[in-house]
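A.B. asks: Construct the complete structure from the given sequences, taking the supplied hints into account.
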Amino acid sequence: MKKIVYVVLAAAMLFTTTSVSAMTESELAEKLTKTYEINGVMFSATNAQKVEIERYFRENEVPEADLDFISKKFDEALAIIEKGDATSIEELTSSEKDQIVALFNEVSEKTKVRITLENGKINVYGVNGGDKPFTVVTDEIVRYTDGTNYLIALAGAISLVGVAAIVLKVKRANAK
Amino acid sequence: MLNKVKKIIKGIAIEIAFSLFFSSFFIFSVYFLFRDKIYNSIFLINRLIVVEKNTETEDKEISFDSVKKRLVHYPYYGEVWATIRIPKVEINAVVYHGDTLDILDKGVGHFSGSYFPAEGGTVIIDGHNSPSQFGRIPGLDVGDNIIIEAKYGTFTYEVTEGKIMKATELEKINIQDDREELVLYTCYPISAIGYKTDRYVIYAKLVGEEYEN
Numbered sequence: 001m002k003k004i005v006y007v008v009l010a011a012a013m014l015f016t017t018t019s020v021s022a023m024t025e026s027e028l029a030e031k032l033t034k035t036y037e038i039n040g041v042m043f044s045a046t047n048a049q050k051v052e053i054e055r056y057f058r059e060n061e062v063p064e065a066d067l068d069f070i071s072k073k074f075d076e077a078l079a080i081i082e083k084g085d086a087t088s089i090e091e092l093t094s095s096e097k098d099q100i101v102a103l104f105n106e107v108s109e110k111t112k113v114r115i116t117l118e119n120g121k122i123n124v125y126g127v128n129g130g131d132k133p134f135t136v137v138t139d140e141i142v143r144y145t146d147g148t149n150y151l152i153a154l155a156g157a158i159s160l161v162g163v164a165a166i167v168l169k170v171k172r173a174n175a176k
Numbered sequence: 001m002l003n004k005v006k007k008i009i010k011g012i013a014i015e016i017a018f019s020l021f022f023s024s025f026f027i028f029s030v031y032f033l034f035r036d037k038i039y040n041s042i043f044l045i046n047r048l049i050v051v052e053k054n055t056e057t058e059d060k061e062i063s064f065d066s067v068k069k070r071l072v073h074y075p076y077y078g079e080v081w082a083t084i085r086i087p088k089v090e091i092n093a094v095v096y097h098g099d100t101l102d103i104l105d106k107g108v109g110h111f112s113g114s115y116f117p118a119e120g121g122t123v124i125i126d127g128h129n130s131p132s133q134f135g136r137i138p139g140l141d142v143g144d145n146i147i148i149e150a151k152y153g154t155f156t157y158e159v160t161e162g163k164i165m166k167a168t169e170l171e172k173i174n175i176q177d178d179r180e181e182l183v184l185y186t187c188y189p190i191s192a193i194g195y196k197t198d199r200y201v202i203y204a205k206l207v208g209e210e211y212e213n
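Line order of the protein sequences matches chains A and B.
Residue numbering for the first sequence follows our numbering, beginning at 1 and increasing consecutively.
Residue numbering for the second sequence follows our numbering, beginning at 1 and increasing consecutively.
Where hints are given, some of them may not hold.
Cross-link-like lysine-lysine pairs, in silico, DSBU-like; alpha carbons within 35 Å at most [stated by the list, open to error]:
1. A:K171 with B:K205
2. A:K110 with B:K166
3. B:K166 with A:K34
4. A:K121 with A:K110
5. B:K10 with B:K69
6. B:K69 with A:K50
7. A:K110 with B:K10
8. B:K68 with A:K34
9. B:K151 with A:K121
10. B:K10 with A:K73
11. A:K121 with B:K172
12. A:K121 with B:K68
13. A:K97 with B:K166
14. B:K166 with A:K121
15. B:K166 with A:K50
16. A:K112 with B:K6
17. B:K205 with A:K34
18. B:K172 with A:K112
19. A:K31 with B:K196
20. A:K112 with B:K106
21. B:K10 with A:K169
22. A:K50 with B:K10
23. A:K171 with B:K6
24. B:K88 with B:K106
Some chain B residues judged to face chain A by a derived CB distance under 7 Å, without partners named [unchecked claim]:
25. S24
26. D126
27. K196
A few chain B residues that don't get close to chain A, going by computed Cβ distances all over 10 Å [what the hints assert, rightly or not]:
28. K7
29. G11
30. Y74
31. E79
32. V89
33. V94
34. G135
35. G139
36. D141
37. I147
38. Q176
39. I193
40. V207
Read the hints as simulated data drawn from the structure, not as lab findings.
We treat Cβ as the ideally placed atom computed from N, Cα and C, and that holds for glycine.
C.D. replies: Pasting the structure below:
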């Protein structure tokens, strides 16, 4: 009888423990988009990044174990920032940035959420894998949208110089 | 002997200079006389390539959940999901999800950190200031229509404001989901040469929506 009670109690504890630590997608999304006070300054994802995070979890069914792992790595990233003196992402030291990048790589290797960093952009792939990223997260909203064709501009400049040279030549010839 | 060589080199240099001048003049003239036709041809070729590519690789049906006010499936980054038409200034361009420089070379881009039409938030679409993209948006007035034909429906917006802003000002735009707002922008001034720090920005409100079944 005692053995049965212990087994039932142990199972209940295990179940409760599992229920408490398992994270849902909406909980993780909320955690990633919250504002944190670190080194006296408020850190949070931008509104644009919040849109992307929520969209990712809406579209992708991330396994519970992966959600917990990502949550843990996020806590580690916050701890790295807290340990240093940075009051913005830009103020992180190279070593701190390397440590955070290592956390991204761990998430990529050990979960279905593959993340790659490329030229200041974060490519995030869907849980179904594939070559196409689900989204590319950047810091900035505004892009450089100048469609000027510099080859045409150069051709125009050369044309003007040529016309000027011909006009000068004709003037000199007439002056003689 | 040396004088002869110098004369030959001078002659060749003059020939090269004149060839360069005439070919540049030709390129420049053709560009300005036929610029719109060239851009329209490039646009049509891109549309054909995009239609072929989409037939091969499309594997998600993009539809809209009107209860949750969110798309059921989202396009991949770099995928075409709509066409934008602005009748007043004859703009008709494909819209890609994402707006990297590679994407903007093919069509106008939807900033992925903004909402999609009908999600009730800020929708940001940007394009180059060329005639086939957003080069003519400064010609829009309050009340003009902008139509986005997406894979999940057709959405009509009405221009509420058009203005010149610094890129740094636009960077602080509030991406919210309290009300639907369309923002289009492009580099400004349109035809000036050199690095541009200004953007021409159009704001528009949603006035009509029709959903695909």
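A.B. asks: Each of the hints needs a verdict: does it hold here or not?
C.D. replies: Hints, verified against the model:
1. A:K171 with B:K205: 60 Å, violated
2. A:K110 with B:K166: At roughly 43 Å apart (the allowed maximum being 35 Å), B:K166 and A:K110 break the hint.
3. B:K166 with A:K34: 29 Å, holds
4. A:K121 with A:K110: 21 Å, holds
5. B:K10 with B:K69: Roughly 73 Å between the alpha carbons, so the hint for B:K10 and B:K69 is violated.
6. B:K69 with A:K50: Cα-Cα ~17 Å, so holds.
7. A:K110 with B:K10: Violated. A:K110 to B:K10 sits at ~69 Å, over the 35 Å cutoff.
8. B:K68 with A:K34: 22 Å, holds
9. B:K151 with A:K121: Measuring from Cα to Cα gives roughly 27 Å; hence the hint holds.
10. B:K10 with A:K73: Violated, at roughly 70 Å.
11. A:K121 with B:K172: With Cα atoms ~19 Å apart, A:K121 and B:K172 stay inside 35 Å; holds.
12. A:K121 with B:K68: 30 Å, holds
13. A:K97 with B:K166: 31 Å, holds
14. B:K166 with A:K121: Given pair B:K166, A:K121 holds - Cα atoms ~23 Å apart, limit 35 Å.
15. B:K166 with A:K50: Since the Cα atoms of B:K166 and A:K50 sit roughly 24 Å apart, the hinted pair holds (cutoff 35 Å).
16. A:K112 with B:K6: 71 Å, violated
17. B:K205 with A:K34: 29 Å, holds
18. B:K172 with A:K112: 33 Å, holds
19. A:K31 with B:K196: Between A:K31 and B:K196 the Cα gap is close to 38 Å, so the pair fails against 35 Å, i.e. violated.
20. A:K112 with B:K106: 31 Å, holds
21. B:K10 with A:K169: 16 Å, holds
22. A:K50 with B:K10: Judged against 35 Å, a Cα distance of about 65 Å means the pair is violated.
23. A:K171 with B:K6: 26 Å, holds
24. B:K88 with B:K106: Roughly 22 Å separates the two Cα atoms, so the pair holds.
25. S24: 4 Å, holds
26. D126: 5 Å, holds
27. K196: Holds, about 5 Å.
28. K7: The assertion about B:K7 holds, with a minimum of 18 Å to chain A.
29. G11: For B:G11, whose nearest Cβ neighbour in chain A is about 15 Å away, the distance exceeds 10 Å, so it holds.
30. Y74: 5 Å, violated
31. E79: 7 Å, violated
32. V89: 15 Å, holds
33. V94: Correct as stated: the minimum Cβ-Cβ distance to chain A is 15 Å, above 10 Å.
34. G135: Not fine: 7 Å to the nearest Cβ puts B:G135 too close to chain A.
35. G139: 16 Å, holds
36. D141: 21 Å, holds
37. I147: B:I147 is indeed farther than 10 Å from all Cβ atoms of chain A, at 21 Å.
38. Q176: 7 Å, violated
39. I193: 5 Å, violated
40. V207: 23 Å, holds
The structure shown violates the earlier hints numbered 1, 2, 5, 7, 10, 16, 19, 22, 30, 31, 34, 38 and 39.
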